[in-house]
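Work out the full structure: start from the sequences and follow the hints.
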Amino acid sequence: MRALRTAAISAAAIMMIPATTAIAQNVQPIEYTLDNGMKFLLMPRDEQPNVITAGWIAPVGSANERPGITGVSHLLEHLLFKGTDSIGTSDASLDQEYRDQLTDIREQMRAYALDVQYARMYKGEIDNPWDPANDTDELREMRSEMTRIQDLQSKITIKNEFDSIYTGNGGSGMNAGTSNDFTVFYINIPSNKLELWSWMESDRLMDPSMRELDAERFVVIEERRQRLEATATGKLDEQFDSMFWVASPYNWPVIGWMSDLMAYTEAEIFEYFETYYQPANLTGVIVGDFEISEAKQLIESYFGRIENKRPKAQPLVTHSVPLLGELRFAGECDCQDQVEVRYRSVPFGHPDEAVFDVMSDLLNGRTGRLYKALVEEQGIAVSAGASHRSMNYAGSFSFNASPKNNTELAQLEEAWYAELDRLKTEPVSDRELQKVKNGQAADTFRGLQDNSSLFFQLAITEGYGGFEYLNEHPKRIAAVTAEDIMRVANEYLRSDARAVASYLRKDSGEVVMITLEDVKASLPEEMAAMVYPQIEMQAASIELETDAEGLKTAMAEMDEQAGMMPPQLKTAFAFMKQQMQKRIDELESGDASTEKTDETTENGGDE
Amino acid sequence: MRSFFTTTCTALIIGAGSMTTAADIPGHPSDISFEELTFTPPVASEFRHELSNGVPVFMAASHEFPLVTITLSFKGGGYMVDADQAGLAGMTGAIIRTGGSSTMTPSQLDEEFDFMAANASVSIGDRTANASINSLTSNLDETFALFMDMVLHPRFDSDRLEVLRGQQLEQIKTRDDDGLQIALREMGFLMWGEDHFEARQPTKASLEGITVEDMKALHARIFNPANLMVSVTGDFDQDEMLAFLDIAFQGWEFGEKSPAIPVPTHTFKPGVYYYEKDQPQVQVLIGHRGKTRDDPNSVKVEVMNQILGGSGFTSRITNSVRTREGLAYTAGSMMRSNVEYPGIFMSYFFTKTPTAALATRLVFDEFNTIQQETASTEEIETIQNNLIETFPRTFESKGAMMNMFMSDERTARPSDHWQTYRDRVRDVSADDIQQAANDYLHTDDMVILVVGPWEGVKAGNADSEADEARIATMNEFFDGKATEIPQRDPETLKPIKSKN
Numbered sequence: 006m007r008a009l010r011t012a013a014i015s016a017a018a019i020m021m022i023p024a025t026t027a028i029a030q031n032v033q034p035i036e037y038t039l040d041n042g043m044k045f046l047l048m049p050r051d052e053q054p055n056v057i058t059a060g061w062i063a064p065v066g067s068a069n070e071r072p073g074i075t076g077v078s079h080l081l082e083h084l085l086f087k088g089t090d091s092i093g094t095s096d097a098s099l100d101q102e103y104r105d106q107l108t109d110i111r112e113q114m115r116a117y118a119l120d121v122q123y124a125r126m127y128k129g130e131i132d133n134p135w136d137p138a139n140d141t142d143e144l145r146e147m148r149s150e151m152t153r154i155q156d157l158q159s160k161i162t163i164k165n166e167f168d169s170i171y172t173g174n175g176g177s178g179m180n181a182g183t184s185n186d187f188t189v190f191y192i193n194i195p196s197n198k199l200e201l202w203s204w205m206e207s208d209r210l211m212d213p214s215m216r217e218l219d220a221e222r223f224v225v226i227e228e229r230r231q232r233l234e235a236t237a238t239g240k241l242d243e244q245f246d247s248m249f250w251v252a253s254p255y256n257w258p259v260i261g262w263m264s265d266l267m268a269y270t271e272a273e274i275f276e277y278f279e280t281y282y283q284p285a286n287l288t289g290v291i292v293g294d295f296e297i298s299e300a301k302q303l304i305e306s307y308f309g310r311i312e313n314k315r316p317k318a319q320p321l322v323t324h325s326v327p328l329l330g331e332l333r334f335a336g337e338c339d340c341q342d343q344v345e346v347r348y349r350s351v352p353f354g355h356p357d358e359a360v361f362d363v364m365s366d367l368l369n370g371r372t373g374r375l376y377k378a379l380v381e382e383q384g385i386a387v388s389a390g391a392s393h394r395s396m397n398y399a400g401s402f403s404f405n406a407s408p409k410n411n412t413e414l415a416q417l418e419e420a421w422y423a424e425l426d427r428l429k430t431e432p433v434s435d436r437e438l439q440k441v442k443n444g445q446a447a448d449t450f451r452g453l454q455d456n457s458s459l460f461f462q463l464a465i466t467e468g469y470g471g472f473e474y475l476n477e478h479p480k481r482i483a484a485v486t487a488e489d490i491m492r493v494a495n496e497y498l499r500s501d502a503r504a505v506a507s508y509l510r511k512d513s514g515e516v517v518m519i520t521l522e523d524v525k526a527s528l529p530e531e532m533a534a535m536v537y538p539q540i541e542m543q544a545a546s547i548e549l550e551t552d553a554e555g556l557k558t559a560m561a562e563m564d565e566q567a568g569m570m571p572p573q574l575k576t577a578f579a580f581m582k583q584q585m586q587k588r589i590d591e592l593e594s595g596d597a598s599t600e601k602t603d604e605t606t607e608n609g610g611d612e
Numbered sequence: 007m008r009s010f011f012t013t014t015c016t017a018l019i020i021g022a023g024s025m026t027t028a029a030d031i032p033g034h035p036s037d038i039s040f041e042e043l044t045f046t047p048p049v050a051s052e053f054r055h056e057l058s059n060g061v062p063v064f065m066a067a068s069h070e071f072p073l074v075t076i077t078l079s080f081k082g083g084g085y086m087v088d089a090d091q092a093g094l095a096g097m098t099g100a101i102i103r104t105g106g107s108s109t110m111t112p113s114q115l116d117e118e119f120d121f122m123a124a125n126a127s128v129s130i131g132d133r134t135a136n137a138s139i140n141s142l143t144s145n146l147d148e149t150f151a152l153f154m155d156m157v158l159h160p161r162f163d164s165d166r167l168e169v170l171r172g173q174q175l176e177q178i179k180t181r182d183d184d185g186l187q188i189a190l191r192e193m194g195f196l197m198w199g200e201d202h203f204e205a206r207q208p209t210k211a212s213l214e215g216i217t218v219e220d221m222k223a224l225h226a227r228i229f230n231p232a233n234l235m236v237s238v239t240g241d242f243d244q245d246e247m248l249a250f251l252d253i254a255f256q257g258w259e260f261g262e263k264s265p266a267i268p269v270p271t272h273t274f275k276p277g278v279y280y281y282e283k284d285q286p287q288v289q290v291l292i293g294h295r296g297k298t299r300d301d302p303n304s305v306k307v308e309v310m311n312q313i314l315g316g317s318g319f320t321s322r323i324t325n326s327v328r329t330r331e332g333l334a335y336t337a338g339s340m341m342r343s344n345v346e347y348p349g350i351f352m353s354y355f356f357t358k359t360p361t362a363a364l365a366t367r368l369v370f371d372e373f374n375t376i377q378q379e380t381a382s383t384e385e386i387e388t389i390q391n392n393l394i395e396t397f398p399r400t401f402e403s404k405g406a407m408m409n410m411f412m413s414d415e416r417t418a419r420p421s422d423h424w425q426t427y428r429d430r431v432r433d434v435s436a437d438d439i440q441q442a443a444n445d446y447l448h449t450d451d452m453v454i455l456v457v458g459p460w461e462g463v464k465a466g467n468a469d470s471e472a473d474e475a476r477i478a479t480m481n482e483f484f485d486g487k488a489t490e491i492p493q494r495d496p497e498t499l500k501p502i503k504s505k506n
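Line by line, the protein sequences are chains A and B.
Convert by adding 5 to the 1-based position in the first sequence; the result is the number in my numbering.
Convert by adding 6 to the 1-based position in the second sequence; the result is the number in my numbering.
Each hint should be verified, as a subset may be incorrect.
Below, computed lysine-lysine pairings styled on BS3-like, alpha-carbon distance capped at 30 Å [said to hold, decoys possible]: (1) A:K511 <-> B:K179; (2) A:K128 <-> A:K240; (3) A:K377 <-> B:K210; (4) B:K263 <-> A:K525.
Hints in this document: simulated from the structure, not taken from any laboratory.
Predicted model, so just to flag it, every value in this text is computed and none were measured.
Following this line, the structure appears as structure tokens:
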């Protein structure tokens with residue numbers, strides 16, 4: 006059907022004989038570079054007719070930021086959907102006036118916040134200098150003025166026009182993502198809409214308006230809350246990451262610190278955009294049902310218009326410093342107990358990267374070493390795994406696990422160190438190594454089966470330096486030896502250069518009252534007949550007790566005996582202590598005669 | 007086999023493209039003209055075959071990669087399980103996959119699959135159960151034999167069962183850790199009742215009570231050819247595959263068909279409900295029971311919901327709550343349809359405590375506007391064009407297409423559904439949309455469910471809002487009445503009382 010297409014994915018599978026699979030993949034997109042330096046990878050594919058996945062990647066992410074503007078890469082990603090002079094407004098010049106007015110008032114508010122509100126915070130008068138609830142009268146007036154201008158601007162704003170145009174033309178899955186190292190924009194479009202894509206993307210790269218900056222700032226703050234602060238482990242993860250990366254620019258979150266999110270100026274955002282989104286810094290990727298000649302023409306006409314406005318961005322100067330000891334982080338959250346042991350590994354494309362990938366596969370899955378040892382044999386974990394991530398400038402390798410029942414996290418940690426010792430001292434068997442390599446080889450195919458995953462692999466590897474990685478990495482995996490694994494485990498996974506995070510479920514402060522029925526249910530049948538009537542009797546006598554000191558002594562004695570108590574009596578024991586404490590409280594508050602009632606809410610309503 | 011789509015799609019006209027130069031770049035995308043893209047939806051019957059025992063097989067080959075996927079799909083699932091055995095269906099699916107087969111222990115079987123790089127999965131959902139294998143073509147004979155032995159003769163290994171039970175018991179302890187999970191659970195309880203399979207949740211007691219006998223019985227009821235359809239995609243030859251499956255299924259006895267799906271009897275009570283949780287962001291769900299999939303007005307309601315909140319940034323709720331006011335990152339609405347009985351309509355957003363009331367007001371404003379005013383032609387056309395132009399994507403992945411055809415046949419979807427879909431979308435008028443909004447949205451009968459710190463949510467944003475017109479409290483809704491949903495013990499889901 007498309008004889009002239011020359012981009013190709015070729016796969017050669019050699020029949021599997023018991024101990025070997027050899028599969029080679031070769032992904033060969035057409036490379037096309039414009040005079041302004043913008044590069045394109047074109048990958049026509051027949052398998053999914055009528056559709057294209059298209060997008061582009063900028064090799065810029067939070068690692069390129071600095072304190073004060075952390076998260077700006079991500080906010081900028083949002084703002085690039087806000088239109089241009091041509092898209093998103095019915096009156097570009099009036100819109101510019103409003104934007105200028107908003108810039109003025111924003112600068113005033115920022116200056117005021119950094120001066121007055123920060124000083125109030127440092128004096129302990131307010132908790133958060135940016136929270137509108139802490140506004141002074143002056144600040145509230147400025148905020149009100151800002152709202153007034155925004156409402157005027159809103160009248161000439163064509164709501165979400167950037168999205169509507171794509172939507173009305175059959176675009177779907179439009180989105181973008183920002184990481185520590187890159188920012189990527191993408192959409193699925195019908196095959197006949199490549200010109201629309203070229204128009205829309207080149208337009209926003211030439212002339213972004215950064216319209217609705219202040220509302221979008223709050224959207225991103227809500228995103229931060231949704232993805233991070235309101236999740237079980239988000240806030241702790243953020244701090245652990247920060248601790249782990251020490252001096253490296255990976256030590257702040259991609260979404261940015263909350264204080265910085267409130268503070269960016271329009272000028273900072275434009276400067277960042279002009280520095281990192283020049284055409285010479287970008288790569289476009291098109292995958293799917295299209296003609297190469299047509300695509301080249303469109304690219305040339307539309308993206309060829311964009312000019313480089315600044316010199317090439319400076320490479321990153323600060324790199325990470327090695328860990329010089331063991332770092333420990335212990336936190337509490339509304340979460341499952343869990344432990345992570347994390348080590349520095351290697352950057353993307355480093356010769357040892359493939360060894361780490363093989364090592365984590367050896368450890369993962371139901372046939373992996375961690376499940377077998379920690380979940381099945383020792384029965385101390387409900388889950389256990391390893392993960393490896395190489396980024397542009399550094400990498401990390403982690404062990405993580407959640408305990409079964411009340412296993413101590415320290416025990417999981419020890420079990421990992423035992424497994425790690427095996428990796429360091431015993432060569433892995435041929436069969437085990439081959440199993441991992443077979444899985445890796447088949448998975449490389451699985452990852453190329455649809456347009457969008459092919460798009461992401463091309464774009465992201467390109468963001469990390471070159472798509473050729475897709476063809477080279479499988480070869481490196483195939484070449485990993487048992488000796489490599491021992492060497493890498495010894496060299497990188499060291500007890501004097503690691504970080505350990507332990508999260509424990511927070512005591513909610515809500516005391517779940519144990520009832521006599523709970524006690525009854527907790528007792529094994531053969532014990533219940535004998536023990537339960539005694540407990541019932543003792544509970545009744547506690548209610549009549551009038552000597553608080555006597556109860557305290559009895560409780561202290563119970564604590565001393567706790568170690569000898571059979572596990573079946575745990576609930577009964579806790580129940581007795583609960584009842585005693587309750588009685589002590591009543592006696593000491595002088596409230597002993599009246600039964601405390603639960604408060605009902607004032608809105609009790611109609612149940 | 008390579009030319010499937012040249013027979014099912016009439017044409018792919020992608021022109022060479024007119025020469026475009028910088029000088030004649032249009033000023034606005036609406037000035038670009040596009041070559042027409044024609045697409046004829048594939049017809050299920052062209053992919054449908056039958057095995058000699060009558061089991062339907064939907065097949066679509068492609069030879070890009072040396073991989074084959076075979077999925078066995080059975081009617082049957084959680085709806086067949088009693089309420090006090092909640093969790094049985096999911097556990098049974100998991101243990102079929104992880105508990106070994108007649109010839110192999112669990113770890114032997116896992117080792118074999120992993121070594122041969124085959125991905126096998128088994129799951130039992132609410133309504134259907136699926137067993138699927140993705141294998142290299144070169145060793146499909148071996149992997150499929152192992153797979154069929156596992157599906158037909160699972161070992162239900164007791165050690166693996168206890169591992170699984172342990173995981174589930176830990177899992178349910180985390181049930182109140184995530185606000186959205188709480189919100190969806192409680193909304194389910196309010197809409198369907200706590201015992202209907204749509205809503206019910208496993209508890210410590212139900213998980214601890216599940217026995218191997220229960221699992222064997224459920225497996226036998228569901229996993230028999232009377233409930234079976236098969237789909238095959240990837241690198242294979244059609245005739246060889248049919249013969250291959252005929253042999254593989256030889257001797258597999260038909261049992262009873264799975265029963266009909268029970269209709270919920272619960273009726274919900276409109277009002278404001280809240281579940282107390284100390285968290286920096288509040289989840290709000292606003293909704294009521296919706297419509298059935300084959301409702302005669304389905305397409306009209308779909309277009310209405312897309313305009314209201316179902317089409318991302320283009321829709322009104324997203325635009326007002328997120329883009330204009332900056333109150334949420336996620337905001338929108340969905341109209342979930344069920345085949346057997348009405349599903350749920352639900353609007354949702356997540357925002358900080360003080361602005362939950364304001365965002366709720368904005369959502370109700372949008373309900374009222376779409377009921378009282380006709381939508382603009384531009385707005386309607388945007389949605390119609392989107393539904394029509396993204397229509398081919400429904401058939402983009404052969405695996406998804408085969409699964410859809412199986413589901414359509416199982417649920418007796420009208421056979422011309424896909425053929426006429428785009429015309430039905432095109433025919434929706436502004437009046438239809440307004441009518442649908444009035445007939446299918448009941449603003450007085452909504453449940454407003456809030457998970458978060460209630461006192462703050464109720465009080466609203468007077469402290470932090472500079473604009474009078476934007477100050478809102480929860481007293482605006484249902485005369486300020488609200489019902490507290492008692493805190494639940496995550497393991498038993500029974501109400502617990504806090505100490506104070």
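Quick rundown of the hints versus the structure:
no.: 1; hint: A:K511 <-> B:K179; in the structure: holds, 12 Å
no.: 2; hint: A:K128 <-> A:K240; in the structure: holds, 25 Å
no.: 3; hint: A:K377 <-> B:K210; in the structure: holds, 25 Å
no.: 4; hint: B:K263 <-> A:K525; in the structure: violated, 42 Å
Against the hints set out earlier in the document, a violation occurs for number 4 only.
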